[in-house]
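Protein sequence lines correspond, in order, to chains R and D. For the working numbering, add 81 to where a residue sits in the first sequence, where the first one is 1. For the working numbering, add 279 to where a residue sits in the second sequence, where the first one is 1.
Honestly, the hints are just simulated from the structure, not real lab data. Values in this document were obtained by computation on a predicted structure and should not be read as measured data. Here a beta-carbon is modelled for each residue, glycine too, at the ideal position from N, C-alpha and C. Misleading hints may appear alongside valid ones.
Keeping only pairs whose Cα atoms sit at most 35 Å apart, straight-line, the calculated DSBU-like set for lysine-lysine is [unchecked claim]:
| id | chain 1 | residue 1 | chain 2 | residue 2 |
| --- | --- | --- | --- | --- |
| 1 | R | K218 | D | K546 |
| 2 | R | K226 | D | K358 |
| 3 | R | K226 | D | K699 |
| 4 | D | K358 | D | K693 |
| 5 | D | K693 | D | K759 |
| 6 | D | K693 | D | K546 |
| 7 | D | K546 | D | K699 |
| 8 | D | K699 | D | K759 |
| 9 | D | K759 | D | K546 |
| 10 | D | K661 | R | K226 |
| 11 | D | K817 | R | K226 |
| 12 | D | K358 | R | K218 |
Which chain R residues face chain D? A few, computed with CB under 7 Å, are given here [what the hints assert, rightly or not]:
| id | residue |
| --- | --- |
| 13 | V99 |
| 14 | P124 |
| 15 | G128 |
| 16 | Y162 |
| 17 | R176 |
| 18 | A187 |
| 19 | L192 |
| 20 | L193 |
| 21 | G196 |
| 22 | T203 |
| 23 | A216 |
| 24 | A222 |
| 25 | K226 |
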Amino acid sequence: MRALVLCLMLFASPALAVQPDEMLSDPVLEARARDISRDLRCPVCQGEAIDDSNAPISRDLRLLVRERLVAGDSDAEVVDYIVARYGEFVLFKPRASGTGLILWLAGPAMLLIGGGLAYAMTRRRARPEAELTEAEKARLAELMKE
Amino acid sequence: MIVELGHFALILAFAVALVQATLPLYGAAQRDARLMALAEPAALVQLILIAAAFGALTYAFVVSDFSLRLVTLNSHTDKPMLYKVAGVWGNHEGSLLLWVLSLALFGACAVWFGGNLPATLKARVLAVQGLIGAAFLAFLLFTSNPFLRLANPPMNGDDLNPLLQDPGLAFHPPFLYLGYVGLSMSFSFAVAALIEGRIDAAWARWVRPWTLAAWIFLTIGIALGSWWAYYELGWGGFWFWDPVENASFMPWLIAAALLHSAIVVEKRESLKAWTILLAIIAFGFSLTGTFIVRSGVITSVHSFANDPERGVFILMILAVFMGGALTLFAFRAGALEAKGMFSTISRESALLANNVLLAVASFVVFIGTIWPLVAEMLWAQKLSVGEPFFNAAFTPFMVLLALILPVGALMPWKRAEIGKAMRPLRGALALALALGLLAFALQTGRSALGPVGLALGAWVVLGALIDLWNRAGRGGLADKFARLGRLGRADWGKATAHSGLGVTIFAVAAMHAWAIEDIRVVNVGETFAVGRYEVLLKDATEVQGPNYTSTMAEMVVSRAGAEVVTLFPEKRVYPVQAMPTTEAAIDYGFARDLYLVIGDAQDSGGYAVRAYVKPFANWLWGGALMMAFGGMLSLTDRRYRLAAGARRAPAAQPAE
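Just chain R, with the same shape it has in the complex (with noise of 0.2 Å):
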């Protein structure tokens, strides 16, 4: 979160994101545009989606989102279009795609995982445990009536 504060700091003049005089005058466009927006990275910020930051190229892609949605862009386009010239680091949400795919099937794959051993966790039998000795038998059993 702190992140946003050294965006901040960086550019020093303007003190609010999306400014009025970029909006889109079409309020379902301009919807449009904040949710693309929200999901780009500001290319020189420290993780700050450019609806959220003060950079001016920041404010450059703005307007280039809502100039192509504006040409009659679908929203895959229009991120195509911003990816094509800004590479993907300016994608928030990586595609599941190539190496990608790793980063998307990690959590899947671990539930996988973590659930099939906790079912097999439940189907093992016990062995019998080291017994405890005469005093901390005692001991346990004092505690436990507690």
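For this one, chain R is given, so just place chain D on it according to the hints.
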């Protein structure tokens, strides 16, 4: 002179930590009572020495001793006293000193409250604690010494960042550190138990309060940080999935898992190896968090240190402790056979499912956090992983967790039937679904997130209440209420913490789904509508603050003609740092916050203004506080007070 004494005390503490780490361990192996007994005074002396060092550094900050490098860099004579003191830990060196101080405090608590621990276990726990202390004291002394002097002290210091001059931020790190470091106790108990080769119900009863205390501190620390971001950063976000936030969230998730699996060890003597592993991983994530924050490997402004030397040192500490503990685990885990068996449908299995889901969720956070690093190292790809990824990849596990929670909580140990456990919950299920549908019907054209969050939250809260009600047994209402009052604090703690989770789930969904945002240029005297409110920009004036100039707006919010509140959002500029900050004006409410931000004056006249209606914002932190309070109730349960063999529970110990 006082500073030199502090420096000396710190070096002495390192020497004491080395003694504490080695001789008691050897003594425990040799059954030498004198060497084992050495651990206790060593732990206490270590606390006194580190507290002295911390006191000396605090003194230097309070009197603004600019011959100290650290004070020059992080303080200023004009700063209010609170922030001079908070400045002690608002930097790399000082925060590490706070880290070792918390560590020593927990070590001393183990002495004070560990009255009835077996001698060998106690000696080993304290020795492992001493080993961690020695590693971090070495790190402090050799790479990040806070007591370095300057040859030519300046007349005044370099101010602290004005954004960081905030009470929320002053108290956020100490809580997080107590949480991180508290997990070192669970780790020490786990390693000591592995060396002993035995884990039983009594062990779980000793280790659980420490985990609980650490988890409570983490909960409060995370909530404070999130609240700070909400009111200070000026766009009403509360969680950004920043690497540093993730660094505190991962141990929180694992600690939550550990809390639950320790119950199984305590009540059923099952899941032993798994619990030990969780204790090791929990501290591993604490160390990873420290590494992420302190090394600057994943750059963010939290990374006060950008020195690779420091990063490598912490990585070595991480490697040694995790490598050592996991190796030990690999050799000894086989000896930790489970005693209690349980069927696939049982309370044990439900808690196991809770553990798997929490661990996987925490793994997703982990891999998302380090993925840019991995991609760059392996494939030279520059990638970003941010909020949209985490929202998509993390949330499903939390949804699953919330779905099974009420059912699992009602299941009996050993063998259960889903149908039977569901029977008392049918009303809760129907009500939760009805609420969700109602919300869906009332909202138009919005995502399903809000209704789903409401239904899930209601399901968890109602489930917790029904659980509590069931525990009061059968009989008339009067009997049940009487029995409710006599229920153990652990039962109340469970219901409170689970309800807190439900409230938090609902609030997160509501904030995401139902927030209203309005950005526009407003002229003085103009009124605009936000949701059901009308906002009038009555005036905007230049105000001179003590060390800043401010544009302060006067905005009158009304609803259906009746004035609700007048708010004064500001945009400040601190000339020394040439840094603007927004001071959002917030009207906190039970069901909504009004959040107003004033921006730049426009060339065409008027001001850029952002206005938000944030639904149920207070519920978010309220839910987190409920979780923490539930933890405290559990911590003060009678069985832990007895098991600790102590007059007071560990959390009652002041946080320095």
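Hints, one by one, checked against the model:
Restraint check for R:K218 and D:K546: satisfied, since their Cα atoms lie roughly 15 Å apart, inside the 35 Å limit. Note on R:K226 and D:K358: the hinted pairing is violated, with a Cα-Cα distance of about 56 Å set against a maximum of 35 Å. For the hint linking R:K226 to D:K699, the alpha-carbon distance of about 30 Å falls within 35 Å, and the restraint holds. As the CA atoms of D:K358 and D:K693 are separated by approximately 60 Å, the hinted pair breaks the 35 Å bound.
Between the alpha carbons of D:K693 and D:K759 the distance comes to roughly 26 Å, so the proposed pair stays at or under 35 Å and holds. Taking the CA atoms of D:K693 and D:K546, the gap is near 11 Å; set against the 35 Å cutoff, the hint holds. About 22 Å separates the Cα atoms of D:K546 and D:K699, which keeps this hinted pair within 35 Å; it holds. Taking the CA atoms of D:K699 and D:K759, the gap is about 21 Å. The hint holds against a cut of 35 Å.
At most 35 Å may separate the alpha-carbon atoms for a hinted pair to count; D:K759 and D:K546 meet this at roughly 25 Å. A distance of roughly 60 Å separates the Cα atoms of D:K661 and R:K226; the hinted pair therefore is violated under the 35 Å criterion. Distance restraint check for D:K817 and R:K226: the Cα-Cα separation of roughly 69 Å exceeds the 35 Å cut-off, and the hinted pair is therefore not satisfied. With a CA separation close to 60 Å, the supplied pair D:K358 and R:K218 exceeds the 35 Å bound.
The beta carbon of R:V99 comes within 6 Å of a beta carbon in chain D, closer than 7 Å, and the hint placing it at the interface holds. Annotation: R:P124 was flagged as interfacial toward chain D, and the flag is violated, the nearest CB pair being 9 Å apart, outside 7 Å. Because the beta carbon of R:G128 sits about 6 Å from the nearest beta carbon in chain D, less than 7 Å, this interface hint is met. For R:Y162, the suggested interface contact is broken, since its CB lies about 18 Å from the closest CB of chain D, more than 7 Å.
Of the supplied interface hints, the one on R:R176 is violated, with its beta-carbon coming no nearer than about 9 Å to a beta-carbon of chain D, more than 7 Å. Taking 7 Å as the C-beta contact cut-off toward chain D, the hint placing R:A187 at the interface holds, the least distance being around 5 Å. For the restraint placing R:L192 at the interface with chain D, the shortest Cβ-Cβ distance is roughly 5 Å, inside the 7 Å limit, so the hint holds. A cut of 7 Å between beta carbons decides the hint on R:L193: the least distance to chain D is about 9 Å, and the hint is violated.
Here the hint on R:G196 is kept, as its CB sits about 6 Å from the closest CB of chain D, short of 7 Å. For R:T203, the interface hint holds, since its Cβ comes within 7 Å of a Cβ in chain D; the closest pair sits about 5 Å apart. Taking 7 Å as the C-beta contact cut-off toward chain D, the hint placing R:A216 at the interface is violated, the least distance being around 10 Å. Hint on R:A222 is violated. Least Cβ distance to chain D is approximately 11 Å, over the 7 Å limit.
Checking R:K226 against chain D by beta carbon gives a least distance of about 10 Å; that is not within 7 Å, so the hint is violated.
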